[in-house]
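In the order they appear, the protein sequences are chains A and B.
Residues -8 to 144 (my numbering) make up the first sequence, in order.
Residues -8 to 144 (my numbering) make up the second sequence, in order.
Treat the hints loosely; a few may be bogus.
It does not matter which identical chain is meant; a pair holds if it fits inside one copy or across any two.
[Claimed, not checked] In silico EDC-like links for lysine to aspartate or glutamate, alpha-carbon gap of 16 Å or less:
hint : residue 1 : residue 2
1    : Lys132    : Glu82
2    : Lys98     : Asp11
3    : Lys132    : Asp11
4    : Lys143    : Glu49
Everything labelled a hint here was simulated from the structure, so no lab data went into it.
Number of protein chains: 2
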Amino acid sequence: MEKNLLGTHVITQIGILVHDIEKTSQAYADFFGVANPGWSITGAVDVAETEYRGERSEARAKLAFFNMGSLQLELIEPDEHPSTWREYLDEHGEGPHHIAFGVEGMKDIVTTLARNEMPLLQKGEYTGGRYAYIDTLEPLKIIVELLERDKKK
Amino acid sequence: MEKNLLGTHVITQIGILVHDIEKTSQAYADFFGVANPGWSITGAVDVAETEYRGERSEARAKLAFFNMGSLQLELIEPDEHPSTWREYLDEHGEGPHHIAFGVEGMKDIVTTLARNEMPLLQKGEYTGGRYAYIDTLEPLKIIVELLERDKKK
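Let the hints inform the model, and build the full structure from the sequences given.
Pasting the structure below:
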């Protein structure tokens, strides 16, 4: 595989799956003495164009973001629809799900990774950009998320 | 609990448990296009003074450190002796084990956390400092590691 396909090795985010985002957000706020950031919900499928394992999915998740100095810590409470979040939570229980990297040219990167036995798990759009979760569990022991921001016009 | 007991909320390290540190180190080096850092082994019990759940333990681990820009990524291959590494790897399989924070006054912090139902899991010494793993799984869904450097003389 081409070296440094992502064009970066800077981790920008750790994603942690939880059953109860309000409870765990408050625990983080208390433990680290920071403000509880509250949570938002990912877009509905017609906006987010969510795809999980190649199929359109109604899945949504509640998200809470903490600035941990070096990077963002993201808490994720998924709904019951099919997603990497729900699947991983059901199989592994609460805990870390992914590390994220900011990239440019996501589509080409996803294609090349898939050719190298690291298939796309899930993708979707959000205001200002898009994400893709890659199945890197076998080589890296954690899922990699790619984040691409819209180009400013 | 007192707010911000650690005196920081900056994550300095993510620790990931693996079965084969040489294989996974090479996978990280290949994926991110960085040098394979090789591995080192933690000190023997008479040097490291390793304690796991309040008892002296012979446990050691092979460690490999990658600089991921924002923080360090640590791969950990534990031996078979009792440790949080071995226990967590046996129960959860390969994957993330802890997030780490640099602290001062570790002993007092550990005591206060234990009083607040976050007991010490494991501690040990290494050249230049010491570490303590805290059982924060219930509130934070991940283990917290405290790292304290020796004061320069």
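Next item on the list: Find the hints from earlier in the document that the structure breaks and name them by number, from lowest to highest.
Entry: Numbers 2, 4, in rising order.
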